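There are 2 protein chains.
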Amino acid sequence: MDPRVDPGMDPGVGVALGIGLELGMGLGMELGLYSFAETRVDPETGRQLDAGARIRNLIEEIEVADQVGLDIFGVGEHHRSDYAVSAPAVVLAGAAARTSRIRLTSAVSVISSDDPVRIFQDFATVDLISEGRAEIMAGRGSFTESFPLFGYDLSDYDELFAEKLELLLHLRDSERVTWEGTHRPSIQDRGVYPQPSQDPLPVWVAVGGSPRSVVRVATLGLPMALAIIGGHPERFQPVVELYRRAAEQAGHDPATLPVSINSHGFLAETGDEASEIAFPPFSETMSRIGRERGWPPWTRQHFKAERSLTGALVLGSPQEVIDKIMYQYELFRHQRFLLQLTVGPIPHEKVLQAIELFGTEVAPVVRREVGGEPPKSGTQPSSGEQRAPAE
Amino acid sequence: MDPRVDPGMDPGVGVALGIGLELGMGLGMELGLYSFAETRVDPETGRQLDAGARIRNLIEEIEVADQVGLDIFGVGEHHRSDYAVSAPAVVLAGAAARTSRIRLTSAVSVISSDDPVRIFQDFATVDLISEGRAEIMAGRGSFTESFPLFGYDLSDYDELFAEKLELLLHLRDSERVTWEGTHRPSIQDRGVYPQPSQDPLPVWVAVGGSPRSVVRVATLGLPMALAIIGGHPERFQPVVELYRRAAEQAGHDPATLPVSINSHGFLAETGDEASEIAFPPFSETMSRIGRERGWPPWTRQHFKAERSLTGALVLGSPQEVIDKIMYQYELFRHQRFLLQLTVGPIPHEKVLQAIELFGTEVAPVVRREVGGEPPKSGTQPSSGEQRAPAE
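Sequence lines, in order, name chains A and B. Note that my numbering has the first sequence beginning at 5, numbered continuously upward. Note that my numbering has the second sequence beginning at 5, numbered continuously upward.
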């Protein structure tokens with residue numbers, strides 16, 4: 005079994021579709037990007053990327069993504085020297101001030117080691133600056149540095165996430181909050197300000213594929229972002245199936261609950277060029293992170309397998325990327341696809357070119373092929389509605 | 005005694021100057037604005053201001069302040085329905101993305117009820133987006149809503165501030181941090197990222213005038229922002245004197261420690277027009293807040309006294325505002341003056357006009373009259389230096 009696949013997921017679970025396939029029909033697809041703002045050695049100059057330059061480049065990436073009509077951009081939270089962003093809402097606020105249409109999300113907010121009240125206030129503020137374009141993607145984070153930094157115990161990993169998520173959802177429900185839990189001081193009938201423009205502020209949950217997480221997200225009636233960053237995407241069919249069935253069993257209409265597939269990849273005019281640009285940083289990054297996690301090193305052979313139609317890497321010419329997204333669409337009937345271009349440092353100009361290709365050559369074709377109206381982001385029964393401004 | 009004057013300050017302390025007057029000579033003065041982004045009833049429309057509209061207007065105010073050459077803009081933190089900003093760093097990031105020269109500070113960050121690690125990360129991120137223009141103004145806050153919201157006990161008011169400030173300063177000193185305290189989990193040799201562009205990131209402390217606070221700020225060798233929002237500014241001369249003497253006694257060179265005076269006010273083409281615009285919202289706001297604090301209501305008579313040369317309100321025609329600032333300069337020889345224009349909601353266009361007058365008609369004259377080079381903001385021995393970017 006590929007160690008990159010979440011071991012909690014049983015790849016043997018049946019692949020019979022049905023509910024998923026039917027549900028996806030006609031809902032359309034949102035296309036976007038996400039970034040962790042890595043600050044490793046720049047392959048162009050051989051020097052460590054300055055965190056400031058990296059963040060300012062990132063904001064320019066979001067601007068270009070907005071200009072070429074992409075639907076959404078996500079920014080991750082990390083607390084390590086090799087990533088520039090520990091405060092995604094602050095970076096997204098900078099991007100909000102320079103964009104007009106693109107939605108802005110964390111990818112992910114590590115809610116377990118943070119205070120949901122601050123997260124809610126920060127993203128409500130981004131939502132107000134952007135006139136209703138903010139989202140929170142809650143996750144456990146794929147690194148654990150934030151736990152000791154903020155005084156949390158990794159042995160509470162699961163409980164922390166569940167409790168903080170519950171408080172975050174509670175904050176969305178009403179302006180005044182009364183709440184009691186174990187890992188954060190209780191709140192006795194306090195107002196939380198500012199309130200966001202969207203009601204409710206969209207909250208997605210990112211999962212790696214473990215059935216327990218998937219069932220929880222489905223039961224809560226929240227949209228699910230599924231990271232597929234290695235192995236055969238086909239193996240995740242049962243995960244999406246489980247999500248939709250569990251949502252239905254919990255009394256939610258799965259048709260209102262979008263699924264996002266988040267994957268690594270890159271694109272250039274030709275597949276060879278995309279490989280040439282992306283292989284060195286991708287393999288360096290994945291091998292380095294893999295060493296921390298006991299994964300095998302990334303070889304060129306592995307890269308080639310991941311690049312194939314049935315592999316996880318969404319990398320190649322615009323047409324190859326279209327084919328890969330449509331292949332995934334046949335598997336998942338998902339409503340959102342997010343691509344991480346900079347898995348390791350890639351020259352800024354190449355990234356901007358990839359964003360332009362993704363927005364102008366890939367997105368229109370995928371949207372046409374999928375058809376339908378793209379769902380309102382973060383759709384929940386009442387989501388996507390703007391509160392009527394008072395003036 | 006005017007109840008707006010901090011009761012901890014003894015107005016009888018001698019007024020003999022010396023050290024203060026000498027020190028101020030030749031250092032120049034920075035001029036700026038600050039706002040709390042109030043969302044009370046808009047006097048123009050009679051409707052409650054939408055928090056989103058208020059925040060977007062605020063960012064436009066900062067843009068105009070940047071365009072007319074003002075030195076700094078501050079944004080306050082509040083956790084009440086009548087103010088739109090609880091996350092100043094998020095708003096400042098939006099402003100950073102749209103400005104190029106103006107410095108951006110909180111005014112204040114309520115550090116007592118927050119985690120200094122998050123504050124440092126948020127403002128380091130603003131510093132990177134703005135290429136070295138961020139500052140933190142730490143304060144206790146003039147409201148107490150944040151304490152119950154974030155689970156702090158008001159009886160720890162003083163201890164919380166001291167401990168959180170100490171950690172914040174510790175975070176400035178080194179990338180890796182080991183720390184132990186009472187009100188926040190300990191940190192065992194962890195790195196904090198991203199690191200800011202400025203080294204050190206400027207940290208000011210805002211005080212109301214209590215000698216104990218003033219001596220602490222001076223002893224720590226930090227720049228002091230003194231709020232004078234009522235009564236005769238002259239009464240604060242001993243406070244500034246005390247600050248400079250205490251700094252010297254603690255082994256700091258007072259010449260490197262700037263003082264900021266933060267006051268309420270407004271300006272328009274004529275003094276009458278400024279009064280006409282500002283009196284209704286100022287008196288409504290100050291009377292309402294005064295009711296919470298046991299102050300007397302603001303009458304037109306009181307307003308008139310505060311407007312006079314020896315009163316605290318910096319309000320009038322550009323020439324009257326120049327005269328008031330220069331009067332204060334004779335008293336304090338301060339290096340920064342910050343004006344709060346929107347003490348209560350004022351029509352957006354009138355605020356933008358006031359900002360333009362302040363930048364184009366007041367600031368150049370004050371700078372010329374004060375002379376000297378304006379000090380590097382937040383000057384501490386090694387402050388204001390930019391870290392050499394890695395590329």
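Just so you know, the hints here were simulated from the structure itself, not pulled from any lab data. A hint or two may mislead.
What follows is a list of derived Cβ distance ranges for each label pair [what the hints assert, rightly or not]:
(1) B:D327 with A:G155: 50 to 56 angstroms
(2) A:R372 with B:T49: 55 to 61 angstroms
(3) B:R216 with A:G195: 29 to 35 angstroms
From a predicted model like this one, the values you see are computed outputs, not experimental measurements. The beta carbon of each residue, even a glycine, is placed where N, CA and C say it ideally should be.
Each hint, compared with the structure:
{"no.": "1", "hint": "B:D327 with A:G155: 50 to 56 angstroms", "verdict": "holds (52 angstroms)"}
{"no.": "2", "hint": "A:R372 with B:T49: 55 to 61 angstroms", "verdict": "violated (45 angstroms)"}
{"no.": "3", "hint": "B:R216 with A:G195: 29 to 35 angstroms", "verdict": "holds (32 angstroms)"}
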